[in-house]
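Trainee: Sequence:
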Amino acid sequence: MPGIERIGITGFRRLRNIDLEMRPLMVMIGANGVGKTSFMDVVSLLAASAQGNLSNYLNNMGGIWSVITRREQTEMSFSTMMTVLAQSPMRYHLRLTPQGTGHAISEEILDQIRDSCPPPFKYIQCKAGEVRYFDPRIGDYVEPNWEYNWLESALSQLARDYRQPEQVRRILNPIPRYHVLDVHRLAPIKLPQQLRPTVLPGENGEDLASCLYNLRESNPHKYEAIEDSLRASFPGFESLGFPTVAAGMVSITWQERGFTHPFYMHELSEGTLRFLWIASLLQSPHLPAITMIDEPEVSLHPELLAILADLLREASDRTQVIVATHSDRLVRFLEPHEVVVMDICEDGGATMTWADSLDLEGWLKDYSLDEVWQMGELGGRA
1 MPGIERIGIT
11 GFRRLRNIDL
21 EMRPLMVMIG
31 ANGVGKTSFM
41 DVVSLLAASA
51 QGNLSNYLNN
61 MGGIWSVITR
71 REQTEMSFST
81 MMTVLAQSPM
91 RYHLRLTPQG
101 TGHAISEEIL
111 DQIRDSCPPP
121 FKYIQCKAGE
131 VRYFDPRIGD
141 YVEPNWEYNW
151 LESALSQLAR
161 DYRQPEQVRR
171 ILNPIPRYHV
181 LDVHRLAPIK
191 LPQQLRPTVL
201 PGENGEDLAS
211 CLYNLRESNP
221 HKYEAIEDSL
231 RASFPGFESL
241 GFPTVAAGMV
251 SITWQERGFT
261 HPFYMHELSE
271 GTLRFLWIAS
281 LLQSPHLPAI
291 TMIDEPEVSL
301 HPELLAILAD
311 LLREASDRTQ
321 VIVATHSDRL
331 VRFLEPHEVV
341 VMDICEDGGA
351 TMTWADSLDL
361 EGWLKDYSLD
371 EVWQMGELGG
381 RA
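The sequence shown runs 1 to 382 under this note's numbering.
Treat the hints with care, since some could be wrong.
[Claimed, not checked] Pairwise CB distance ranges (calculated):
(1) Met249 / Glu130: 51 to 57 Å
(2) Arg163 / Met249: 30 to 36 Å
(3) Asn56 / Glu227: 38 to 44 Å
(4) Lys122 / Gly102: 24 to 30 Å
(5) Thr74 / Cys345: 53 to 59 Å
(6) Asn149 / Gly236: 34 to 40 Å
(7) Asn60 / Arg231: 39 to 45 Å
Read the hints as simulated data drawn from the structure, not as lab findings. Note that CB positions come from ideal geometry on N, CA and C, so glycine has one too.
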């Protein structure tokens, strides 16, 4: 499955010096302010770089000076090793330095280690204001022959028919990032929605009706799996409906045993809405290469967290899932190889450690993983 195998980060907020193996399911735990959000921000930054949106992303974060480590660093860098289909892993390195009030791309390299070619084969090499990329049409390195934007990555500017860079862009573009679902009175998930050809429910459930309706028509087996998850979570649940309320507009209804008339979305509890949304997301057959979810447990009853853990695990067969959580109860249903513990070391920098690399065998004979965390033996506490 395409995704990130390893990531290195230096000089980004608390992430002074991170070198971490990535896995299909990665659930980050730790105290507030330890760097979980910063890690997701780095992944989003790499996605923005691949999309040609690096400048806007940095500007929206307040500029490079607002994210470089306590303004003590002179640069920040990001390195990834990525799995691509039927090929050796690709490596992408990006180094950014402050330049006045803005930024400069001081180094960018995309290469690949090939068995038949011991030195890494470079597809992109950018350093000291010089850019060269390998053009497979002529079999040699060339300089850009277009009006090159020095504030954006070379990766984002190469033609789409360059196969290796395009494969890396597909991994990094897009990377959706889901936060706590909006469920206020006029939230999109509670209102009728325009039917359109979409395959994901949207960051705030604005496409949930289209996503589920299209899935029911195109992939009944997967749609039934979502309804089965709802029946397992809510014993009274029977089925969903999609009544038309205007031309091209539908609502979602929730039919429950013992009630003649169904419930509409605005009549359901926050926890029910959030579980419906996240179950629809995680069981979509069209997830991108990487999916990030911040605090998926919010508003969910503790008994639903076992099902949530199973949904995250099942989704990780189709997308690399990166999660941040504060929930002890969710951790109870996870395995040590799925949990990354984040702490702060003496210099104020963050550390990231896979739980299965810690000496927990003796503790786990008598306690569950969340109990080991609560006792402080796992780390990741204030």
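Trainee: Now look at each hint and say whether the structure bears it out.
Mentor: Quick rundown of the hints versus the structure:
1. Look at Met249 against Glu130: about 54 Å separates their beta carbons, and that is inside 51 to 57 Å.
2. Roughly 42 Å separates the CB atoms of Arg163 and Met249, a value that falls outside the hinted 30 to 36 Å.
3. The beta-carbon spacing between Asn56 and Glu227, approximately 40 Å, falls within the hinted interval of 38 to 44 Å.
4. Checked against the hint of 24 to 30 Å, the pair Lys122 and Gly102 passes, with Cβ atoms roughly 27 Å apart.
5. Distance hint check for Thr74 and Cys345: the Cβ-Cβ separation is about 21 Å, which falls outside the suggested range of 53 to 59 Å.
6. Our hint of 34 to 40 Å for Asn149 and Gly236 is violated, since their Cβ atoms are close to 56 Å apart.
7. For the pair Asn60 and Arg231, the beta carbons lie near 41 Å from each other, so the given range of 39 to 45 Å is met.
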